[in-house]
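Trainee: Using the sequences plus the hints, can you model the full thing?
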Amino acid sequence: MTWSIYLNVVIQGVFTGLVYGLMALGLSVIFGVVRVVNFAHGEFAVVAMYVAFLLFRALGLDPLVTMLPIAALFFIVGFALQATLINSFVGRPEHDQFILLVGIAIIVLNGLLVLFGPDARPANLPYAFDSYAIGPVFIDKVRIYSAVAALAIASGLFAFFRYTATGTAIRACADNLTGAAVVGLNVKRLYAITFGIGLACVGAAGALMVTIADAAPSLGPAYTLLAFIIVIVGGLGSMAGALVGGLLIGVSEALSGFLIEPSMKSMFSFALLIAVLVLRPRGLMGRRA
Amino acid sequence: MSRKTMPTSRRRVLAGATASLLAAPAIVRAQAKALKLAVFLPRSGYLAPAGQSCHRGALIAPRVLADFGYQVELVHVDIESNPDVARTQCERVINDGINAIVGAFDSASTLAMAQVCEQRQVPLVVNIAAAPQLTEQGYKFLARNFPTGGQLVTNGLKLIQDLLDATKVAPKTAVFLHANDTFGTAQRQAMDKIFPTAGLPFRLLESISYDPKAQDLSVEVTKIRALNPELVLVVTRAADAIKLVRDMVRQHFEPMGIVSPGSPGLYDEEFYQALGPFSDYPIYNIPWVNPKAKLLQALEAAYKPANPNFRFAVECFNVGFTFEALLIAADGFKRAGTTTGPELMKAIRATGIAEHVMIGPPIKFDEKGQNVSIPSAVVQNRNRTPTVVLPASAATMTPVLPMPGWQGRT
Amino acid sequence: MIELWRGLEPRQRGLLLGLIVALVAAPVVADRYLLSVLTLILYFAYVGQAWNLMMGFAGQLSLGHALYVGLGAYVAALLWFWFGIGPWLGVFAAVAVAMAAGAIVGWLGFRFGVEGVYFALLTIAAAEFTRVAFDHLGFAGGSGGLFLPYEERRLGEWWNLRGGQLLFYYLALFLAAGGVVLAARLARSRLGYHWLAVREDERAARSLGIDAFRAKMTAVLVSSGMTAVGGVFYAFYYNNLFPGQIFDIGRSIELLLAPIVGGLGTVFGPVVGAFILTPLGEGLIALTQRLGIDAPGVKAIFYGLTLVVIIYVRPSGVWPWLARLLGVGGRAP
Numbered sequence: 227m228t229w230s231i232y233l234n235v236v237i238q239g240v241f242t243g244l245v246y247g248l249m250a251l252g253l254s255v256i257f258g259v260v261r262v263v264n265f266a267h268g269e270f271a272v273v274a275m276y277v278a279f280l281l282f283r284a285l286g287l288d289p290l291v292t293m294l295p296i297a298a299l300f301f302i303v304g305f306a307l308q309a310t311l312i313n314s315f316v317g318r319p320e321h322d323q324f325i326l327l328v329g330i331a332i333i334v335l336n337g338l339l340v341l342f343g344p345d346a347r348p349a350n351l352p353y354a355f356d357s358y359a360i361g362p363v364f365i366d367k368v369r370i371y372s373a374v375a376a377l378a379i380a381s382g383l384f385a386f387f388r389y390t391a392t393g394t395a396i397r398a399c400a401d402n403l404t405g406a407a408v409v410g411l412n413v414k415r416l417y418a419i420t421f422g423i424g425l426a427c428v429g430a431a432g433a434l435m436v437t438i439a440d441a442a443p444s445l446g447p448a449y450t451l452l453a454f455i456i457v458i459v460g461g462l463g464s465m466a467g468a469l470v471g472g473l474l475i476g477v478s479e480a481l482s483g484f485l486i487e488p489s490m491k492s493m494f495s496f497a498l499l500i501a502v503l504v505l506r507p508r509g510l511m512g513r514r515a
Numbered sequence: 048m049s050r051k052t053m054p055t056s057r058r059r060v061l062a063g064a065t066a067s068l069l070a071a072p073a074i075v076r077a078q079a080k081a082l083k084l085a086v087f088l089p090r091s092g093y094l095a096p097a098g099q100s101c102h103r104g105a106l107i108a109p110r111v112l113a114d115f116g117y118q119v120e121l122v123h124v125d126i127e128s129n130p131d132v133a134r135t136q137c138e139r140v141i142n143d144g145i146n147a148i149v150g151a152f153d154s155a156s157t158l159a160m161a162q163v164c165e166q167r168q169v170p171l172v173v174n175i176a177a178a179p180q181l182t183e184q185g186y187k188f189l190a191r192n193f194p195t196g197g198q199l200v201t202n203g204l205k206l207i208q209d210l211l212d213a214t215k216v217a218p219k220t221a222v223f224l225h226a227n228d229t230f231g232t233a234q235r236q237a238m239d240k241i242f243p244t245a246g247l248p249f250r251l252l253e254s255i256s257y258d259p260k261a262q263d264l265s266v267e268v269t270k271i272r273a274l275n276p277e278l279v280l281v282v283t284r285a286a287d288a289i290k291l292v293r294d295m296v297r298q299h300f301e302p303m304g305i306v307s308p309g310s311p312g313l314y315d316e317e318f319y320q321a322l323g324p325f326s327d328y329p330i331y332n333i334p335w336v337n338p339k340a341k342l343l344q345a346l347e348a349a350y351k352p353a354n355p356n357f358r359f360a361v362e363c364f365n366v367g368f369t370f371e372a373l374l375i376a377a378d379g380f381k382r383a384g385t386t387t388g389p390e391l392m393k394a395i396r397a398t399g400i401a402e403h404v405m406i407g408p409p410i411k412f413d414e415k416g417q418n419v420s421i422p423s424a425v426v427q428n429r430n431r432t433p434t435v436v437l438p439a440s441a442a443t444m445t446p447v448l449p450m451p452g453w454q455g456r457t
Numbered sequence: 060m061i062e063l064w065r066g067l068e069p070r071q072r073g074l075l076l077g078l079i080v081a082l083v084a085a086p087v088v089a090d091r092y093l094l095s096v097l098t099l100i101l102y103f104a105y106v107g108q109a110w111n112l113m114m115g116f117a118g119q120l121s122l123g124h125a126l127y128v129g130l131g132a133y134v135a136a137l138l139w140f141w142f143g144i145g146p147w148l149g150v151f152a153a154v155a156v157a158m159a160a161g162a163i164v165g166w167l168g169f170r171f172g173v174e175g176v177y178f179a180l181l182t183i184a185a186a187e188f189t190r191v192a193f194d195h196l197g198f199a200g201g202s203g204g205l206f207l208p209y210e211e212r213r214l215g216e217w218w219n220l221r222g223g224q225l226l227f228y229y230l231a232l233f234l235a236a237g238g239v240v241l242a243a244r245l246a247r248s249r250l251g252y253h254w255l256a257v258r259e260d261e262r263a264a265r266s267l268g269i270d271a272f273r274a275k276m277t278a279v280l281v282s283s284g285m286t287a288v289g290g291v292f293y294a295f296y297y298n299n300l301f302p303g304q305i306f307d308i309g310r311s312i313e314l315l316l317a318p319i320v321g322g323l324g325t326v327f328g329p330v331v332g333a334f335i336l337t338p339l340g341e342g343l344i345a346l347t348q349r350l351g352i353d354a355p356g357v358k359a360i361f362y363g364l365t366l367v368v369i370i371y372v373r374p375s376g377v378w379p380w381l382a383r384l385l386g387v388g389g390r391a392p
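Residue numbers (my numbering), protein chains in the order written: chain S, 227 to 515; chain H, 48 to 457; chain G, 60 to 392.
I should point out that these hints are in silico values taken from the structure, not numbers from a laboratory.
Not one of these hints is a red herring.
Calculated from the model, a selection of chain G residues having no Cβ within reach of chain S, i.e. all distances over 12 Å:
(1) L63
(2) P69
(3) V88
(4) D90
(5) W147
(6) F198
(7) P208
(8) E216
(9) W217
(10) G237
(11) L245
(12) P338
(13) V387
Simulated restraints on C-beta separations:
(14) G:G172 / H:F357: 53 to 61 Å
(15) S:A284 / H:H123: 31 to 39 Å
(16) H:A348 / G:W218: 53 to 61 Å
(17) H:K411 / G:V88: 39 to 47 Å
(18) G:L225 / S:F342: 37 to 45 Å
(19) H:G455 / S:W229: 27 to 35 Å
(20) S:A466 / G:Y371: 35 to 43 Å
This structure is a prediction, so every number in the text was calculated from the model and none was measured.
Every residue gets a Cβ at the ideal spot worked out from N, C-alpha and C, and that includes glycine.
Mentor: Below is the structure:
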C-alpha cells in the first residue's frame with residue numbers, strides 16, 4: 227500500500243467529516259444551550275436533503291446555492307418548533323423529550339417515505355463524477371466544495387456567537403441560565419433563536435450532504451447517531467469541537483475501514499464513543515458540564 | 048385489536064361454520080371458483096424498494112392469470128420489513144379465509160410466517176428469498192421458486208467462464224466485494240466454498256465486505272484500487288451499486304469489468320437514473336425473464352399501461368418471480384380442485400409448469416420444496432437497459448468485455 | 060406474594076383477578092390471530108417491565124436494551140443449535156452472559172460518572188458495537204442469520220420450547236405476570252426505596268449513606284437478566300436470529316415505548332402500555348387497509364402521532380390516570 231493511497235483515504239475522510247461536523251454543530255448548539263436531546267436530528271437533515279434535491283430537480287439550482295435559503299427556512303421551522311412544541315418539554319425529564327422527538331422522527335421518516343418512496347434519490351450534479359487529480363491523489367469535487375461550504379458556515383456561526391449581542395446572550399444562557407434570566411435576557415426567545423440556528427445548521431448540512439450522498443428516508447436514524455457520536459467526541463457545547471469531532475470520526479472511520487474490514491468500521495466509531503464517554507466525557511474540546 | 052372487532056370475527060367464524068355445514072355442496076362449488084391468496088411483501092422499512100417492485104407485479108397478476116384460465120383473489124399485506132408484523136398478519140389473513148400465501152422477500156419474516164403456515168397447514172410459496180436455510184428446516188408447507196444463494200453463485204461462476212470464452216478475455220486477478228447483510232453473507236459463504244473448485248482462470252485476491260448502511264463507498268473503492276484487480280465481482284443492493292460505480296469514476300479506476308455472480312443492485316431504476324452513461328456495461332448473472340414466453344409477453348403487456356412511470360425491462364426480475372409464485376399457487380389449486388391446505392400443498396409440491404415466465408426448464412420442486420433447476424443468464428446493462436447477452440438462445444445482444452473506460456461516455 | 064395480595068384494596072383485587080382470569084381463559088374464546096397479538100403484548104409487557112426497573116425505578120436511561128435481548132437470544136439459541144442444550148438450561152447461561160454485559164455497561168457508566176443522556180448514548184454504543192460484532196461472528200451465522208431447525212418429532216417438548224402458539228402464549232403470560240410480581244416486590248423492598256432515592260436525587264441519597272453505585276448496578280443486573288429471558292423466548296418463538304434485527308436500535312426503542320406510555324416507575328405501567336401500543340399498531344394496519352390507503356408508512360405516521368400526543372397530554376403515563384378513573388388509584392402500583 228503506497229503512501230498516496232493512505233493520503234487519499236485520509237483526505238476524503240477529512241472532507242466528508244467536515245460536512246458531518248456541520249450537521250453535528252446544529253446538535254451541539256441545541257443541546258449545549260437549550261438542553262434538549264434532539265433525537266430527530268438526522269431526520270431533519272434528511273428533510274433538508276430532499277428539499278435541496280427537489281430544488282435541484284425542479285429549478286436546476288445547485289445545492290451549494292440553495293444551501294442558504296434552505297438554512298433560512300429551517301431557521302424559521304426551528305424557531306417555530308421550539309416556541310410551540312418543544313418549549314413545554316424543556317424542563318421535563320430527558321426520557322419525555324426523547325419520546326417526543328422519537329415520535330417526531332417516526333412521523334418525519336415515514337412522511338418522507340410516503341411522499342418520495344423508498345428509493346435513494348441522487349442529485350445528478352453535472353460535476354458529480356469529477357475529481358481533481360493532485361499528483362497521485364484524487365479529490366472528489368463534490369467533497370471539497372461541500373467541505374469548504376461547511377467551513378464557511380461554521381466560521382460565520384462562530385463569528386455570530388463571538389461578536390454579536392444575540393450570540394453573546396445565547397452563550398450566556400448556556401453558561402448560566404439563572405444568571406442570564408437575572409440580567410434580564412429573554413430566555414424563551416433566545417431558546418427559540420438557538421433552536422432555529424441549530425436547525426439552520428442542519429438544513430445547510432443536509433443541502434451539502436445531498437451532493438455526496440443520495441437522499442433516502444432510511445438515512446435519518448443513521449445520521450442522528452452519527453451526529454451524537456461526533457458531538458460527544460468533540461465536546462458538547464463546543465462548536466469547534468463539533469467540527470473537530472466530525473473530522474476525527476470521518477478520518478478514523480475511513481482509515482479503520484481501509485485497514486480492517488470495511489463492514490467493521492462503525493465498530494471503531496462506537497468504541498471511540500465509549501472510550502470518550504468513559505475517559506473524557508466532556509469530549510475533546512467541551513467545557514466542564 | 049379493539050373489543051369491537053373480536054366478537055365480529057368470532058361471529059363470522061361461527062356463521063361461516065354453520066353455513067358450511069348447511070350448504071356443503073354449494074360450498075364445494077363456491078370453493079372451486081377462485082383461490083384466495085395473500086401476498087406478503089415489505090413495502091415499507093428498509094426493504095421497501097424491492098417490496099414495492101414485487102408489489103407492482105402482484106397487482107397486475109390476477110388479470111393475466113385470468114386470461115390463462117386461473118382465478119385468483121388477492122389480498123396485499125405490507126410486512127414492514129418486520130417479522131413481528133409478518134407473523135401476526137399471517138395469523139390474521141388465515142383467519143380471514145386465505146388459502147395460500149405468497150411472499151415475503153425478507154428471509155426472517157418468511158421464516159416467521161413459515162412456522163405459522165406449517166402449524167395451520169396453509170401453503171406458503173416463496174417468490175424471492177435466498178437464505179439457503181429456508182428449505183433446509185424441514186417445513187412441509189413451504190415451497191420456494193427461487194434459487195438459494197449457493198445455486199446463484201454456482202450458476203453465476205459457471206456463466207463467468209462462458210462469458211470469458213465468448214469475449215475471449217483473460218483477466219488474471221479479481222476482488223470480491225459484498226454487502227455484509229443476509230444476502231451478501233450467503234453469497235460470500237457460497238463463494239468461499241465454490242470458487243476454489245470452480246476452475247476459473249483468474250485468482251481471487253481478496254474478499255471485502257462492506258456495511259450496507261454506509262454513507263459512501265470511497266474507502267472501499269480505494270481499497271480495491273490499491274489491489275488493482277482486473278475484474279471486480281460484486282454483490283450489492285441498489286443504493287450501494289450507485290455509490291460503488293460513482294466512486295470508481297471519481298477515482299479513475301477502470302477494471303476490465305464489473306460482474307455480479309448473482310445479486311440485485313445493478314439493474315434498479317435508480318441505478319440508471321443516478322449514473323446515466325456510467326451505468327452501462329456492468330454484468331450480472333441472475334435468473335431472467337424469457338422474452339419468447341407467451342406468459343411473459345402477456346405480463347409485459349399488462350404491466351405497461353398500469354405503470355407508466357416504471358420500466359418493465361428493469362422490474363421484470365421482481366415482477367417475474369412474484370408472478371410465478373402466484374402462478375404456482377393458482378396452478379396447484381387447479382389441479383387439486385380444493386382449497387384445503389394439505390391437498391393444495393401436495394398439488395403445489397407436484398408442480399410441473401412448462402409454460403412460465405423465467406428462463407429455464409419447467410417449474411418443479413424437490414422433496415424439500417426447493418426448485419433446484421432455475422438457471423441464470425448473463426445480463427448486461429446496455430443503453431441503460433438490462434439486456435440478456437448469454438446464453439445465445441435467449442440473447443438479444445452480444446456481451447461487451449472489457450468495458451469501455453469512464454472518460455468520454457455519453 | 061401473599062403480603063402483596065393483602066396489600067391491595069378490594070377493588071384492586073377484583074380488577075386484578077378479573078384480568079388474570081381473562082388472560083388465562085383467553086385461548087378458549089380467542090382465535091389464533093388474537094392469541095398471536097396477545098402473545099406479542101405480553102412479551103412487550105415483560106421486557107418493558109425489565110426496562111422499567113432500570114429506568115422507572117432506578118432512573119437510569121438505557122437506550123440499548125436490545126443488547127440484552129439479543130445476547131439472551133443468541134446464547135440460548137447457540138447452545139441449542141450447536142450442543143442440543145435446551146432453553147430450560149440455556150436460559151441460565153443466557154441470563155449470565157447478559158448480566159455480564161450489563162455489568163460492563165454499568166461499571167463503565169457508574170464508575171466514571173457517566174449520567175443522563177451520556178449514559179443513554181453509552182448504552183446505544185454498546186448495543187451497536189455488539190450488533191456489528193455479531194455480524195462478523197461466523198459460528199453464530201454472522202449477518203446471514205442463525206436458524207433453529209423445525210423438527211416435527213420434537214413438537215411436544217415444552218421444556219425445549221418446541222410447540223405451538225398455545226405454549227408460547229402461556230409462557231409469555233407467565234413471564235409478564237412474573238415481571239409484575241417481581242416489580243411489585245422490588246418496589247416495596249429496601250432496594251426499591253434505595254432506587255427511588257437515587258432516582259430522585261443521587262447526591263442526597265448518598266449523603267444518607269445509600270451505596271448509590273451498588274443500587275444502580277443491581278438495577279442494571281436485574282434488568283439485563285430479566286430482559287435476557289425475553290430474548291430466549293424470542294429466539295425460540297421465531298426460530299431465527301439476525302444481528303441486524305435483534306440488536307437494532309429500533310428494537311431498543313420499541314421495547315421502551317410501552318413502559319413510558321403506560322407509566323414509568325409504576326408496576327402496571329408496562330402492562331397497560333403494551334395493551335395500548337401493540338393493538339394500536341395492529342388496529343392501524345387494519346384501519347389503513349379498510350380505508351384503502353395503500354401508502355406504506357401511513358401506519359407508522361399514526362403511531363408516531365399517538366406517541367407525541369400521549370407524551371404531551373399524559374406525561375406520567377396512561378396507567379396513573381386510568382387507575383384514578385377506575386377508582387383503583389391511591390397506593391403505589
